[in-house]
Amino acid sequence: MKARIKVTLKDGVLDPQGKAIANALGGLGFEGIEDVRQGKYIEVELAESDPDKARSQVTKMCEELLANMVIENFSFVLETA
Amino acid sequence: MKASVLVFPGSNCDRDVAISLEAATDRPPAMVWHGLTEVPESDLIVLPGGFSYGDYLRSGCMAAHSPIMRDVVKKAKAGTPVLGICNGFQMLTETGLLPGVLMRNASLKFICKDVTLKVERNDTIFTNRYGRGKLVTIPIAHADGNYFADDDTLAKLEDEDRVAFRYCAADGSTAPDANPNGSRNNIAGIYDATGKILGLMPHPERLADIELGGTDGNPLFSSLMEALH
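So the protein lines, in turn, are chains E and H.
Under our numbering, the first residue of the first sequence is numbered 1, with each subsequent residue one higher.
Under our numbering, the first residue of the second sequence is numbered 82, with each subsequent residue one higher.
To be clear, the hints were calculated from the coordinates, so they are not data collected in a lab.
A hint or two may mislead.
Quick list of in silico lysine to aspartate or glutamate cross-link-like pairs, EDC-like style, CA-CA up to 16 Å [to be verified]:
1) Lys2(E) / Glu72(E)
2) Lys10(E) / Asp124(H)
3) Lys158(H) / Asp204(H)
4) Lys158(H) / Glu122(H)
5) Lys6(E) / Glu63(E)
6) Lys190(H) / Asp15(E)
7) Lys83(H) / Asp136(H)
8) Lys277(H) / Asp232(H)
9) Lys10(E) / Glu122(H)
10) Lys40(E) / Asp136(H)
11) Lys215(H) / Asp258(H)
12) Lys156(H) / Asp204(H)
Just so you have them, the derived chain H footprint on chain E, three or more residues with Cβ under 8 Å [stated by the list, open to error]:
13) 12-18
14) 66-80
Note that CB positions come from ideal geometry on N, CA and C, so glycine has one too.
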């Protein structure tokens, strides 16, 4: 089973990289860019085949390592091969 | 005073801080490789600057979860003083020993320069040889030094007098333009609730010898010697 995990900054946390990306898009001529927030995308292959167990495993991984809960949120989807 | 300096793959200030510690204490610190599971009994544990594990995932994150850090956290909670400089500060926030997080600099640039700092307290084991409110010059060298904590955490740090150093102008004012990296409240370093754990982004070990162009970093090491013998 594969977990596709997204780690994003919480609302209210400044994202200077997102701002720089927004500026660069504007510089390339893309109009109407209102805001850009960037984050991380992580794929984890799991041996676990039970979706409930996999879900709690991945949640724990996110809370303990993959996301810094002070500034980041996470979400994920599980995919069976 | 018996100090231990942890060495991670990618640490690059471990030898500098060892020299500063030896100069202040007349005793070389133990250099402790990250792969061990236990830090020798020490009066002080130092987490040095550098780019441990290549800053993978988040700066300090991999080191914070390495086997040796479990023992550091255990010993810190039992009262062993811990000093985290730059990457070491990032490790301390990642382990949760210090609150908040060090984000990418607001300018998105790696900044390497001397900055003026205000020493907010001189009644701690790290700063007893500084004057209170004294201004010192110490270099910073980081890409991720933008201190962030939520409003409640920040208010708590200020109420409990836990800001150790603040970026300031030459006249001591903490105006936004004296803030090199976007840190909230111009914070350059903080203490934990006991005052025995200090994390700071500036590098006192890089300006601790007249040959290096200044000695404003020295009192930090002599303060520790004074307090911990």
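Hint-by-hint comparison with the structure:
1. Taking the CA atoms of Lys2(E) and Glu72(E), the gap is near 22 Å; set against the 16 Å cutoff, the hint is violated.
2. Only pairs whose Cα atoms come within 16 Å are accepted, and Lys10(E) paired with Asp124(H) is rejected, the gap being roughly 39 Å.
3. Annotation: proposed proximity of Lys158(H) to Asp204(H) is violated, straight-line Cα distance about 21 Å (limit 16 Å).
4. At roughly 14 Å between alpha-carbon atoms, Lys158(H) and Glu122(H) fall within 16 Å of each other, so this suggested pair holds.
5. The suggested pairing of Lys6(E) with Glu63(E) holds, with an alpha-carbon distance near 13 Å, which does not exceed 16 Å.
6. A C-alpha spacing of about 14 Å is found between Lys190(H) and Asp15(E), which places the hinted pair at or below 16 Å, so the restraint holds.
7. A C-alpha spacing of about 29 Å is found between Lys83(H) and Asp136(H), which places the hinted pair above 16 Å, so the restraint is violated.
8. In summary, the hint linking Lys277(H) to Asp232(H) is not supported, as the alpha carbons are separated by about 24 Å, beyond the 16 Å threshold.
9. At most 16 Å may separate the alpha-carbon atoms for a hinted pair to count; Lys10(E) and Glu122(H) exceed this at roughly 40 Å.
10. Of the pairs offered as hints, the one joining Lys40(E) and Asp136(H) holds, with about 14 Å between alpha carbons and a cut-off of 16 Å not exceeded.
11. Pair hint Lys215(H) plus Asp258(H) does not hold up; C-alpha atoms about 19 Å apart against a cutoff of 16 Å.
12. For the given pair, Lys156(H) sits about 23 Å from Asp204(H) by alpha-carbon distance, which is inconsistent with the 16 Å threshold.
13. Coverage of a stretch by a chain is defined here by at least three residues with a beta carbon nearer than 8 Å to that chain's beta carbons; for the segment 12-18 of chain E and chain H the count is 4, and the condition holds.
14. Under a criterion of three residues with beta carbons nearer than 8 Å to beta carbons of chain H, the stated coverage of the segment 66-80 of chain E is upheld, 4 such residues being counted.
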